[in-house]
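> Put chain Y on the given structure of chain U with help from the hints.
Chain order of the listed sequences is U and Y.
At position 17 of the first sequence the residue is numbered 17 (the numbering used here), and the sequence of numbers has no breaks.
At position 42 of the second sequence the residue is numbered 42 (the numbering used here), and the sequence of numbers has no breaks.
Do not take every clue at face value.
[As the list claims (entries may be wrong)] Cross-link-like lysine-lysine pairs, in silico, DSBU-like; alpha carbons within 30 angstroms at most: (1) Lys36/Y x Lys52/Y; (2) Lys22/Y x Lys101/U; (3) Lys26/U x Lys19/Y; (4) Lys50/U x Lys67/Y; (5) Lys26/U x Lys41/Y; (6) Lys44/Y x Lys67/U; (7) Lys22/Y x Lys67/U; (8) Lys26/U x Lys105/Y; (9) Lys101/U x Lys105/Y; (10) Lys101/U x Lys44/Y; (11) Lys52/Y x Lys105/Y; (12) Lys41/Y x Lys37/U; (13) Lys19/Y x Lys50/U; (14) Lys37/U x Lys105/Y; (15) Lys44/Y x Lys50/U; (16) Lys68/U x Lys44/Y; (17) Lys59/U x Lys19/Y; (18) Lys50/U x Lys105/Y; (19) Lys67/U x Lys105/Y; (20) Lys101/U x Lys67/Y; (21) Lys26/U x Lys44/Y; (22) Lys37/U x Lys40/Y; (23) Lys105/Y x Lys9/Y; (24) Lys44/Y x Lys67/Y; (25) Lys44/Y x Lys59/U; (26) Lys36/Y x Lys50/U; (27) Lys44/Y x Lys37/U; (28) Lys101/U x Lys9/Y; (29) Lys41/Y x Lys68/U; (30) Lys105/Y x Lys68/U; (31) Lys36/Y x Lys101/U; (32) Lys59/U x Lys22/Y; (33) Lys41/Y x Lys101/U.
[To be verified] Stretch-level coverage of chain U by chain Y, calculated; a stretch enters the list once three of its residues show a Cβ under 8 angstroms from a Cβ in chain Y: (34) 26-38; (35) 43-49; (36) 79-92; (37) 95-101.
[Unchecked claim] Over 12 angstroms on every C-beta distance to chain Y, these chain U residues come out as not near it, computed from the model: (38) Gln2; (39) Ser6; (40) Pro7.
By construction, these hints were calculated from the structure, which means they are not laboratory data.
Virtual Cβ for every residue (Gly too), placed ideally from N, Cα, C.
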Amino acid sequence: QQPVQSPQAVILREGEDAVINCSSSKALYSVHWYRQKHGEAPVFLMILLKGGEQKGHDKISASFNEKKQQSSLYLTASQLSYSGTYFCGANQAGTALIFGKGTTLSVSS
Amino acid sequence: DTAVSQTPKYLVTQMGNDKSIKCEQNLGHDTMYWYKQDSKKFLKIMFSYNNKELIINETVPNRFSPKSPDKAHLNLHINSLELGDSAVYFCASSPTGVAPTTNEKLFFGSGTQLSVL
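This is chain U alone, in the form it adopts within the complex (with noise of 0.2 angstroms):
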């Protein structure tokens, strides 16, 4: 069952923070965080495993709270080259990695 994904979209200014946050229904093994830039392939940021857990990478990080089945990605001092779209990936039983429907971010100068 698809993961929902809230905001559908963010417009930002250089600097500026944003939270995207992910929601699941069904139980989740863990989550994950990929960035899509137009035209290209998603590409990995990071899985939040069981344990609510938190990680990071550069200045963005995330957060899993299993009993809620939901992980929030903060994106800190938002720059030019975080514009895209974030998907969100639920990992549940039984099947292959389910996605969101994904957050547009913009970030202009």
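Chain Y alone, transformed into the frame defined by chain U:
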């Protein structure tokens, strides 16, 4: 060297035709996937193969037939193409197996943009 490579990058064809997309990975991974991304950017799993064996078939029309001659290759053949098949098709691979046992990241190919006229 490209890790996951797909050919062709662009495919323009008429309704009713049959076409194939090829995918190869040189990462030594055991599992390969086909994802379809529609015009609204929705990335949907179609098939997954593990060591040449079909693992996942996500209610895809029978017109779509994947084939894995060996674990490094996964091809997608589409019969009687329809307008709704227009999309970007991504091949991907992961090291050992299908979620959730592995929690491994996916490595995507650059995609094949299929346009059915």
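> Does Lys50/U sit within 30 angstroms of Lys19/Y, going by the straight-line distance between their CA atoms?
Roughly 42 angstroms between the alpha carbons, so the hint for Lys19/Y and Lys50/U is violated.
> Mind taking a look at whether chain Y covers the stretch 79-92 of chain U? Criterion is 3 or more residues with CB to CB distance under 8 angstroms.
With 5 residues in contact (Cβ-Cβ under 8 angstroms with chain Y), the coverage given for the stretch 79-92 of chain U holds.
> Hey, Lys59/U versus Lys22/Y, does the alpha-carbon distance stay inside 30 angstroms?
37 angstroms, violated
> For the pair supplied as a hint, Lys44/Y and Lys59/U, is the alpha-carbon distance within the 30 angstroms limit?
Within the cut-off at roughly 29 angstroms; holds.
> Lys26/U and Lys41/Y were given as a pair; does the straight-line alpha-carbon distance stay at or below 30 angstroms?
Measuring from Cα to Cα gives roughly 22 angstroms; hence the hint holds.
> What's the verdict on Lys101/U and Lys44/Y, does the C-alpha distance respect the 30 angstroms limit or exceed it?
9 angstroms, holds
> Between Lys37/U and Lys40/Y, is the straight-line Cα distance small enough, at 30 angstroms or below?
Holds. Lys37/U to Lys40/Y sits at ~14 angstroms (cutoff 30 angstroms).
> Quick one, are Lys105/Y and Lys9/Y close enough, alpha carbons at most 30 angstroms?
23 angstroms, holds
> Assess, step by step, whether the Cα of Lys26/U is no farther than 30 angstroms from the Cα of Lys19/Y, and give holds or violated.
36 angstroms, violated
> Going straight from one Cα to the other, do Lys67/U and Lys105/Y come out at no more than 30 angstroms?
23 angstroms, holds
> Lys22/Y and Lys101/U: Cα distance at most 30 angstroms?
26 angstroms, holds
> Is it true that the CA of Lys36/Y sits at most 30 angstroms from the CA of Lys50/U?
28 angstroms, holds
Hints 3, 4, 7, 13, 17, 32 and 38 from the earlier list are contradicted by this structure; the remaining hints agree with it.
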